[in-house]
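Enquirer: Here is what each chain is made of, one letter per residue.
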Amino acid sequence: DGGITQSPKYLFRKEGQNVTLSCEQNLNHDAMYWYRQDPGQGLRLIYYSQIVNDFQKGDIAEGYSVSREKKESFPLTVTSAQKNPTAFYLCASSWTVANYGYTFGSGTRLTVV
Amino acid sequence: KQEVTQIPAALSVPEGENLVLNCSFTDSAIYNLQWFRQDPGKGLTSLLLIQSSQREQTSGRLNASLDKSSGRSTLYIAASQPGDSATYLCAAQTGANNLFFGTGTRLTVIP
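Top to bottom, those sequences are chains Y and B.
Using the working numbering, you'd call the opening residue of the first sequence number 1 and step up by one each time.
Using the working numbering, you'd call the opening residue of the second sequence number 1 and step up by one each time.
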């Protein structure tokens, strides 16, 4: 079955550490996205990538970094510069033609300890 | 910038009742409107996608409508079941990389 796999499901980060969240898709989608979800707020876009080796900042990119070396993979690094990283992170993918909607992964819950 | 609003924020209904969830958006120039379901601590599951040229989509007990001119979409759930309890999110897509979400309606179906 095609889909998006996010790992790990739960992640704990100490103050000052960088952590990387994994996102892999086998849908052959061109575009991939990272969203952050906080209680009571809508999903906010962190970064997106339309093609390999290219990515763009979303609304809340500060303190995050991404790479897109393979079409299937779009890892997100939460750096120590992100002051409030505790949140639920969701990865999504889509065709670049904007008529087919998005597919989401199951999410990673990041907690700072 | 597109703003998406979902009212009510929470809804409780007895099992078997039909119900309607509402979604409104400010910019009618959308490519599509997508409804998602989210269970606690889980990712988003796509329920229905309505293209801008369509008026409605149906899947089982779910029916979603779209009225672009008024900036509104509704998700109708027939004969609700306890397993329908979840948060329902709508999202309006205005470009290839522009998907705007509402904050969701948390539905509880009481057995």
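Don't read these hints as lab results, they were simulated from the structure.
Note that the Cβ used here is the ideal one computed from N, Cα and C, for glycine as well.
Among these hints, one or two may not hold up.
[Said to hold, decoys possible] With beta-carbon atoms standing in for the labels, derived distance ranges:
hint: 1; chain 1: B; residue 1: Glu3; chain 2: Y; residue 2: Asp30; range: 24 to 30 Å
hint: 2; chain 1: B; residue 1: Pro111; chain 2: Y; residue 2: Lys83; range: 39 to 45 Å
hint: 3; chain 1: Y; residue 1: Lys57; chain 2: B; residue 2: Pro111; range: 35 to 41 Å
hint: 4; chain 1: B; residue 1: Asn63; chain 2: Y; residue 2: Ala81; range: 41 to 47 Å
hint: 5; chain 1: Y; residue 1: Tyr10; chain 2: B; residue 2: Arg55; range: 39 to 45 Å
hint: 6; chain 1: Y; residue 1: Thr5; chain 2: B; residue 2: Val13; range: 31 to 37 Å
[As the list claims (entries may be wrong)] Among chain B residues calculated to face chain Y with C-beta under 8 Å, some are:
hint: 7; residue: Gln34
hint: 8; residue: Gly41
hint: 9; residue: Ser59
hint: 10; residue: Asn63
hint: 11; residue: Leu99
hint: 12; residue: Phe101
hint: 13; residue: Gly102
[To be verified] Only pairs whose alpha carbons sit at most 30 Å apart, straight line, appear in this in silico BS3-like list of lysine-lysine:
hint: 14; chain 1: Y; residue 1: Lys71; chain 2: B; residue 2: Lys68
hint: 15; chain 1: B; residue 1: Lys42; chain 2: Y; residue 2: Lys57
hint: 16; chain 1: Y; residue 1: Lys70; chain 2: Y; residue 2: Lys57
hint: 17; chain 1: Y; residue 1: Lys83; chain 2: Y; residue 2: Lys57
hint: 18; chain 1: Y; residue 1: Lys14; chain 2: Y; residue 2: Lys57
hint: 19; chain 1: Y; residue 1: Lys14; chain 2: B; residue 2: Lys68
hint: 20; chain 1: Y; residue 1: Lys83; chain 2: B; residue 2: Lys68
hint: 21; chain 1: Y; residue 1: Lys71; chain 2: B; residue 2: Lys42
hint: 22; chain 1: Y; residue 1: Lys14; chain 2: Y; residue 2: Lys70
hint: 23; chain 1: Y; residue 1: Lys83; chain 2: Y; residue 2: Lys9
hint: 24; chain 1: Y; residue 1: Lys83; chain 2: B; residue 2: Lys1
hint: 25; chain 1: Y; residue 1: Lys9; chain 2: Y; residue 2: Lys57
hint: 26; chain 1: Y; residue 1: Lys83; chain 2: Y; residue 2: Lys14
hint: 27; chain 1: B; residue 1: Lys42; chain 2: Y; residue 2: Lys70
hint: 28; chain 1: Y; residue 1: Lys71; chain 2: Y; residue 2: Lys57
hint: 29; chain 1: B; residue 1: Lys68; chain 2: B; residue 2: Lys1
hint: 30; chain 1: B; residue 1: Lys1; chain 2: Y; residue 2: Lys57
hint: 31; chain 1: Y; residue 1: Lys9; chain 2: Y; residue 2: Lys70
hint: 32; chain 1: B; residue 1: Lys42; chain 2: B; residue 2: Lys1
hint: 33; chain 1: B; residue 1: Lys42; chain 2: Y; residue 2: Lys9
hint: 34; chain 1: Y; residue 1: Lys9; chain 2: Y; residue 2: Lys71
Enquirer: Could you run down the list of hints and mark each one as holding or not?
Expert: Against the structure, the hints:
1. Between Glu3 (chain B) and Asp30 (chain Y) the C-beta distance comes to about 28 Å, which sits within the given range of 24 to 30 Å.
2. With their beta carbons about 43 Å apart, Pro111 (chain B) and Lys83 (chain Y) fall inside the hinted range of 39 to 45 Å.
3. For the hinted restraint 35 to 41 Å between Lys57 (chain Y) and Pro111 (chain B), the CB-CB distance of approximately 46 Å leaves it violated.
4. The hint said 41 to 47 Å for the Cβ distance between Asn63 (chain B) and Ala81 (chain Y), and at roughly 46 Å that hint holds.
5. One distance hint, 39 to 45 Å for the beta-carbon pair Tyr10 (chain Y) and Arg55 (chain B), holds here, with the actual separation near 42 Å.
6. Evaluation of the 31 to 37 Å hint for Thr5 (chain Y) and Val13 (chain B) yields a pass: the beta carbon distance comes to about 34 Å.
7. Because the closest C-beta pair between Gln34 (chain B) and chain Y is about 5 Å apart, less than 8 Å, the hint holds.
8. Checking Gly41 (chain B) against chain Y by beta carbon gives a least distance of about 7 Å; that is within 8 Å, so the hint holds.
9. Below 8 Å, beta-carbon pairs count as interface contacts, and Ser59 (chain B) has none with chain Y, the closest being about 13 Å; its hint is therefore violated.
10. Hint status for Asn63 (chain B): violated, given a least beta-carbon distance of 17 Å to chain Y, over 8 Å.
11. About 6 Å separates the beta-carbon of Leu99 (chain B) from the nearest beta-carbon of chain Y, less than 8 Å, and the hint is met.
12. Taking 8 Å as the C-beta cut-off, the interface hint given for Phe101 (chain B) holds, the closest approach to chain Y being about 4 Å.
13. For Gly102 (chain B), the interface hint holds, the least distance from its beta-carbon to any beta-carbon of chain Y being 6 Å, beneath 8 Å.
14. Distance hint between Lys71 (chain Y) and Lys68 (chain B) is unfulfilled; the C-alpha atoms sit about 34 Å from each other, more than 30 Å.
15. The straight-line distance between the Cα atoms of Lys42 (chain B) and Lys57 (chain Y) is roughly 25 Å, inside the 30 Å bound, and the hint therefore holds.
16. A distance of roughly 18 Å separates the Cα atoms of Lys70 (chain Y) and Lys57 (chain Y); the hinted pair therefore holds under the 30 Å criterion.
17. Of the pairs offered as hints, the one joining Lys83 (chain Y) and Lys57 (chain Y) holds, with about 18 Å between alpha carbons and a cut-off of 30 Å not exceeded.
18. Only pairs whose Cα atoms come within 30 Å are accepted, and Lys14 (chain Y) paired with Lys57 (chain Y) is accepted, the gap being roughly 25 Å.
19. Between Lys14 (chain Y) and Lys68 (chain B) the CA atoms are separated by roughly 47 Å; this puts the pair beyond 30 Å, and the hint is violated.
20. The straight-line distance between the Cα atoms of Lys83 (chain Y) and Lys68 (chain B) is roughly 39 Å, outside the 30 Å bound, and the hint therefore fails.
21. Restraint check for Lys71 (chain Y) and Lys42 (chain B): the C-alpha separation of about 24 Å stays at or below 30 Å, so the hint holds.
22. For the suggested pair Lys14 (chain Y) and Lys70 (chain Y), the alpha carbons sit about 29 Å apart, so the restraint of at most 30 Å is met.
23. Taken as a hint, the Lys83 (chain Y) and Lys9 (chain Y) pair is honoured in the structure, with Cα atoms around 21 Å apart against an allowance of 30 Å.
24. A C-alpha spacing of about 26 Å is found between Lys83 (chain Y) and Lys1 (chain B), which places the hinted pair at or below 30 Å, so the restraint holds.
25. For the hint pairing Lys9 (chain Y) with Lys57 (chain Y), the CA-to-CA distance comes to about 24 Å; that is within 30 Å, so the pair holds.
26. For the hint linking Lys83 (chain Y) to Lys14 (chain Y), the alpha-carbon distance of about 12 Å falls within 30 Å, and the restraint holds.
27. At most 30 Å may separate the alpha-carbon atoms for a hinted pair to count; Lys42 (chain B) and Lys70 (chain Y) meet this at roughly 26 Å.
28. Restraint check for Lys71 (chain Y) and Lys57 (chain Y): satisfied, since their Cα atoms lie roughly 18 Å apart, inside the 30 Å limit.
29. Only pairs whose Cα atoms come within 30 Å are accepted, and Lys68 (chain B) paired with Lys1 (chain B) is accepted, the gap being roughly 16 Å.
30. Between Lys1 (chain B) and Lys57 (chain Y) the alpha-carbon distance is near 17 Å, which keeps this suggested pair within the 30 Å criterion.
31. Among the hinted pairs, Lys9 (chain Y) with Lys70 (chain Y) is consistent with the structure: their alpha-carbon atoms are about 22 Å apart, no more than 30 Å.
32. For the suggested pair Lys42 (chain B) and Lys1 (chain B), the alpha carbons sit about 28 Å apart, so the restraint of at most 30 Å is met.
33. A hinted pair counts as satisfied when its Cα atoms are at most 30 Å apart, and Lys42 (chain B) with Lys9 (chain Y) qualifies at roughly 9 Å.
34. For the proposed pair Lys9 (chain Y) and Lys71 (chain Y), the alpha carbon gap of about 22 Å is at most 30 Å, so the pair holds.
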